[in-house]
Structure formats: structure tokens, C-alpha cells
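**Student:** Sequence:
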Amino acid sequence: MTRLLILAALLTGSAAHAVDAKAVAAKVLGTTVLSVSALTTKQGEFIGALSREYDGAFVTVSLLRKVGSLYVVQWSTPTGQEMNQTPPTITLGDANRDGSPELLWNYGAYGNATGGQFFELYDTARKRTYEASISENYGAPGTGTVTYAPALLEPANAALLAFVVSRVEKNPAFPKPDAKDPYGDMLRAWTAQNGAINAPGARYVAAKPVPAPASSCADDPRSRTAKVTLGGLTYLAVFKSGVFVLDPKKKTCALVYFPPDAYQWVDQLKVIGAWIAMRNRDTQTFVYYNPKTKQLSTAAPR
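Just so you know, the sequence shown maps onto residues -18 to -1, 1 to 284 in mature numbering (1 follows the signal peptide of the UniProt record, and there is no 0).
Among the hints, a few may not be true.
Unchecked claim - With a cut-off of at most 27 Å between alpha-carbon atoms, the simulated BS3-like pairs for lysine-lysine come out as follows:
1. K233 - K209
2. K274 - K233
3. K252 - K233
4. K233 - K162
5. K152 - K209
6. K209 - K232
7. K190 - K232
8. K48 - K109
9. K109 - K152
10. K162 - K232
11. K24 - K9
Hints in this document: simulated from the structure, not taken from any laboratory.
Take the sequences, apply the hints, and build the full model.
**Tutor:** Here it is, written out as C-alpha cells:
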């Protein structure tokens, strides 16, 4: 829940960002500040802060805004995380360029066998929070799976998604491509970036196919369930797998769609205008892919 606080700190001298933002946040919040980020937009000067009352306590995320010569807490909420295992980070940005900042904070949490890095994005304009994560096994960096909140994958949130992705991909835990498993790389990337299209009620997501060597998804008549060509590219549906696009000029292929489970493979492909229609053999429903706009949709194109 959003909490409006009356705490304020008097700033002297030059602009707040020339002052130590961490010291300013500590004075305003009256707690131990772990990490800060400062940002100036057309709406003013802001400081994002992660803080806690004592070592081991749960961390609070706060947004401070300069009002006159004072900084006041515009928004604050407990994160519910101790954030003791890795140093938490926070970044302020204006991804939508509307002057209202977005707060993106990150922390690590690990158990005996699994854990990972977790990211929270708060959109101050719409007062919505989005999540992303990098799961890991035994805390081994570079071997995890990346997941983005379904809402972040909607085309309307492309700027927010890009802001989150830019931080997720810089995290040391971000999985590295495996030259020995290009098919696995494609599947993991597709599930993270586009898997929301399989969620109940989903209408569309902004797709981002990840290319791999053409040999990773060769056209084998024994496993092919459907095939169609559009714009010089070949779309191939595979038994108990997904739909791939083969580019003969670049000698690459990419996963365009993967069904909810392996037994719902696509058994029919057809071209509808600029879209590729892909029929689920089990449900008899279609998912549509637009190569030009890079969108997946469960709604029939008009």
C-alpha cells in the first residue's frame, strides 16, 4: 500500500543532485540507507532509496521528491525482502518520457538448492508494479531462466520492458548462451519473453525471436507437421515442439511460437494477410504471428 509520509530534510547550497543523495535520503528517512538513485525529469528532482531500520530488517523502497528546498517522501512501501544475500540495487528512470519516474530495484535470494535474482519495477504514473526474475540452481550464475511479468510483454509496455531488460541482462546471473544447446537457448528465451501468450485471457505480446544456426531446427519431413512460406522465410511446425522461422539467406532459424505443452503442437499453418496463423491440434484454436511488427496474438487479424 502506498504510504504518504511527512518526513522532510532541508537542503542547503546547490541542487540536491550535487549533494550526496545517500546522505539526503538517510536524513529524510531516519534509517540506514542501502542504495540510492537520483533523477531529474520535467516534473522535478527525485531520489529513489532502499533502506531498513536495522541490520537484518526487511527493506523499504521509497521515492523522495524535492519540493521547494525540501525533500519529502512521495511514496514508500515495504518490499517484504531481507535482501541480505546480495547487495540490493535501485535505479530511477523515465522510460515512458512522461516525467513520472519508474523505480526498479533488484535483490538476490537463495536457498540450499535454488534461488535467484528478483526485479521489481514501480510505475509511479500508473501506480503499478511489475516483476521479473532470473532463477538459478545452486546459485550458479549463467544457468538460470529469465521470466518477465505477462503485463510487461504487452506492446503498450514496450518502453517499460526495455528498461527492465536492460538491467536484467547486465546482472551477473543472466544466463549465457550455450553453444552446445542452441535449441534450449531458443526455448528458454521464448518462454521468458513470449510465454504470456499462453496465459488465459491473453490477447497479444511483443515477440522477440532469438536466432540460432539453421541446423538447430532443420526441416525434417519425419517431424514436420506443417509448413508455409512468406516473404522469403519458411515457417515450420514441428511434432511435439514449436513453430520455427528459417531464413535461408542468413542461415538462421528462430522459435516463433511454443504451445502450452508438447502435446498441443501446431498442425496447421496458413498465411492471413501479413500474419502467420498457427492452429493448436488439441484445442483447434489459432495463435497469430506478424513478422513485420513482431507480435503474437490470440485475436484473429482484421
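**Student:** The structure should be examined with respect to each hint, and the outcome stated for every one.
**Tutor:** Hints, one by one, checked against the model:
no., hint, in the structure
1, K233 - K209, "holds, 18 Å"
2, K274 - K233, "holds, 19 Å"
3, K252 - K233, "holds, 23 Å"
4, K233 - K162, "holds, 18 Å"
5, K152 - K209, "violated, 37 Å"
6, K209 - K232, "holds, 19 Å"
7, K190 - K232, "holds, 17 Å"
8, K48 - K109, "holds, 19 Å"
9, K109 - K152, "holds, 26 Å"
10, K162 - K232, "holds, 20 Å"
11, K24 - K9, "holds, 25 Å"
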